[in-house]
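A.B. asks: All chains should be modelled from the sequences, with the hints used to inform the complete structure.
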Amino acid sequence: MSLIVDGTTGVTFNDSSLQGAAASPYVLKNRIINGDMRIDQRNNGASVANNISGIQYSLDRWLIYGTVASKFTVQQNAGSVTPPAGFTNYLGVTSSAATSVGAGDIYEFVQYIEGYNVADLGWGTANAKTITISFWVRSSLTGTFGGSLLNGSSNRSYVFSYTISSANTWEQKTITIPGDTTGTWLTNNDTGLRVFWSLGIGSTYSSTAGSWQAGGYYSPTGATSVVGTNGATFYITGVQLEIGTSATPFERRMYGQELINCQRYYYRFNPTSSSSNTLGSGFVQDSTNAQILHFFPVSMRTSPTALEQSGTAGNYAIRSTGGVTTCSAVPAIGDANTNTSQIQLTVASGLTGGQAILGRAVNTSAWLAWSAEL
Amino acid sequence: MIYKILTTNIDGQTIYARIDDDGLCRLTCTEDYPEFKAWIEAGNEPEPADE
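Residue numbers (our numbering), protein chains in the order written: chain D, 1 to 374; chain G, 375 to 425.
These are calculated hints, taken from the structure and not from any lab test. Ideal placement from N, C-alpha and C gives every residue a C-beta, glycine not left out. Where hints are given, some of them may not hold.
As the list claims (entries may be wrong) - No farther apart than 20 Å at their CA atoms in a straight line, the calculated lysine to any residue pairs in the SDA-like style are these:
{"id": "1", "chain 1": "G", "residue 1": "378", "chain 2": "D", "residue 2": "6"}
{"id": "2", "chain 1": "G", "residue 1": "411", "chain 2": "D", "residue 2": "305"}
{"id": "3", "chain 1": "G", "residue 1": "411", "chain 2": "D", "residue 2": "303"}
{"id": "4", "chain 1": "G", "residue 1": "411", "chain 2": "D", "residue 2": "57"}
{"id": "5", "chain 1": "G", "residue 1": "411", "chain 2": "D", "residue 2": "55"}
{"id": "6", "chain 1": "G", "residue 1": "411", "chain 2": "G", "residue 2": "375"}
{"id": "7", "chain 1": "G", "residue 1": "411", "chain 2": "D", "residue 2": "372"}
{"id": "8", "chain 1": "D", "residue 1": "129", "chain 2": "D", "residue 2": "211"}
As the list claims (entries may be wrong) - Some chain D residues near chain G, calculated using beta-carbon distances under 7 Å:
{"id": "9", "residue": "52"}
{"id": "10", "residue": "285"}
{"id": "11", "residue": "286"}
{"id": "12", "residue": "291"}
{"id": "13", "residue": "305"}
{"id": "14", "residue": "307"}
{"id": "15", "residue": "308"}
{"id": "16", "residue": "311"}
{"id": "17", "residue": "330"}
{"id": "18", "residue": "344"}
{"id": "19", "residue": "348"}
C.D. replies: Right, here's the structure in full:
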């Protein structure tokens with residue numbers, strides 16, 4: 001193994017990867033969460049079509065957006081091709097139509113990175129650090145593709161481009177981007193940095209690649225439009241964003257660790273029993289209502305303001321000393337903070353105020369979820 | 375999709391139910407929920423609670 005130690009550039013390994021900083025680049029170096037596309041709490045491998053709400057998530061941490069609904073689908077391991085060596089999953093985009101992209105249209109997927117996780121980049125200062133993005137990509141189309149980096153206010157952009165040379169073949173791409181020495185880049189629990197991949201961007205939001213500029217741009221001008229071809233595919237995995245001027249091997253994280261990383265932004269409780277899954281303990285408020293408390297597995301980014309559930313009241317029940325009573329209304333959100341959520345359970349009648357109770361999911365169709373996405 | 379007032383919770387907070395196009399409620403929220411706020415800012419009003 002060759003190893004070059006240089007006082008100016010750092011340590012270069014025999015695969016040409018460079019360690020440019022004193023801090024180890026091999027532990028917690030990747031600022032992208034779920035870059036290997038393993039976690040899919042919301043859809044569990046099912047396909048979803050883009051809508052136009054602007055805050056639609058597919059695989060964990062990966063937001064999809066399209067100006068017009070139902071122009072593409074996203075699915076974990078869509079098409080069931082063999083992922084690149086060392087990976088088991090990928091995010092698969094499939095175009096649903098031959099869509100003409102208007103000047104103001106946007107079709108893309110993106111990861112929002114929390115400011116805490118990029119604070120050390122020093123962006124917006126004279127000490128802004130260079131980063132390198134690497135990923136594996138495979139498409140039925142060839143040509144020039146692109147994406148961009150943006151700050152949370154969409155007034156600083158760096159458009160990047162890359163080439164896919166062979167159709168239906170995994171290719172690894174590496175893009176090195178100098179740090180932005182100007183602009184506002186948040187370093188708190190709000191949006192610090194956004195990384196976009198273009199699936200079809202209109203001229204209003206396209207620009208020249210390769211330099212920082214004011215404004216919000218998502219794609220290089222003239223890039224290939226995935227949504228422009230019905231049935232076109234675009235698969236991606238192994239996404240890494242790290243400090244330095246070259247890509248190092250993808251950071252492998254334990255499954256549980258990455259799941260926790262995802263659950264800071266979205267947490268879904270999935271029952272495993274077909275009859276009894278305790279959601280939390282609590283007390284009876286009056287003859288029809290009870291309150292239970294559910295603990296999150298990790299502190300969420302912010303206090304959730306909504307509770308998602310299956311939509312069927314009969315999937316939930318209250319266990320008291322009097323027996324099990326099926327709910328007559330779906331669970332409703334109560335007071336929530338970054339660590340716990342109160343949940344209101346409602347039945348038709350028969351509860352005794354002040355009793356201690358357990359809330360239950362009574363089948364595997366029941367679930368609860370909270371979001372604190374950026 | 376619409377929002378409807380669901381209840382006032384034990385802490386005095388108004389809780390809203392999102393009613394999807396198929397009539398099911400798959401989400402409840404407070405007035406601080408970003409999608410609800412955007413829906414209100416778009417000129418919509420939540421329906422009153424059931425009697």
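A.B. asks: For every hint, state whether the structure bears it out.
C.D. replies: A quick look at each hint next to the structure:
1. Proximity of residue 378 (chain G) to residue 6 (chain D) is assessed by CA-CA distance (about 65 Å); at most 20 Å being required, the pair is judged violated.
2. A hinted pair counts as satisfied when its Cα atoms are at most 20 Å apart, and residue 411 (chain G) with residue 305 (chain D) qualifies at roughly 11 Å.
3. With a C-alpha separation of about 16 Å, the suggested pairing of residue 411 (chain G) with residue 303 (chain D) holds against the 20 Å cut-off.
4. Restraint check for residue 411 (chain G) and residue 57 (chain D): satisfied, since their Cα atoms lie roughly 19 Å apart, inside the 20 Å limit.
5. Taking the CA atoms of residue 411 (chain G) and residue 55 (chain D), the gap is about 13 Å. The hint holds against a cut of 20 Å.
6. Under the criterion of a C-alpha separation no larger than 20 Å, the hint pairing residue 411 (chain G) with residue 375 (chain G) is consistent with the structure, at around 14 Å.
7. For a cut-off of 20 Å, the pair hint linking residue 411 (chain G) to residue 372 (chain D) stands: about 15 Å separates their Cα positions.
8. The straight-line distance between the Cα atoms of residue 129 (chain D) and residue 211 (chain D) is roughly 15 Å, inside the 20 Å bound, and the hint therefore holds.
9. This hint is violated: residue 52 (chain D) has a C-beta 12 Å from the nearest C-beta of chain G, more than the 7 Å allowed.
10. For residue 285 (chain D), the interface hint holds, the least distance from its beta-carbon to any beta-carbon of chain G being 6 Å, beneath 7 Å.
11. Evaluation of the residue 286 (chain D) hint against chain G yields a violated restraint, the C-beta minimum of about 10 Å exceeding 7 Å.
12. Hint on residue 291 (chain D) holds. Least Cβ distance to chain G is approximately 6 Å, under the 7 Å limit.
13. Nearest Cβ of chain G to the Cβ of residue 305 (chain D): about 4 Å, under the 7 Å cut. The hint holds.
14. Among the interface hints, the one on residue 307 (chain D) holds; its C-beta lies about 5 Å from the nearest C-beta in chain G, closer than the 7 Å criterion.
15. Taking 7 Å as the C-beta contact cut-off toward chain G, the hint placing residue 308 (chain D) at the interface holds, the least distance being around 5 Å.
16. Checking residue 311 (chain D) against chain G: minimum C-beta separation of about 4 Å stays under 7 Å; hint holds.
17. For residue 330 (chain D), the interface hint holds, the least distance from its beta-carbon to any beta-carbon of chain G being 5 Å, beneath 7 Å.
18. At a threshold of 7 Å, the smallest CB-CB gap from residue 344 (chain D) to chain G is about 6 Å, leaving the interface hint in force.
19. With 7 Å as the threshold, the beta carbon of residue 348 (chain D) stays out of range of chain G, its nearest partner Cβ sitting at about 14 Å, so the hint is violated.
Going down the numbered hints, you'll see the structure goes against 1, 9, 11 and 19, while the others check out.
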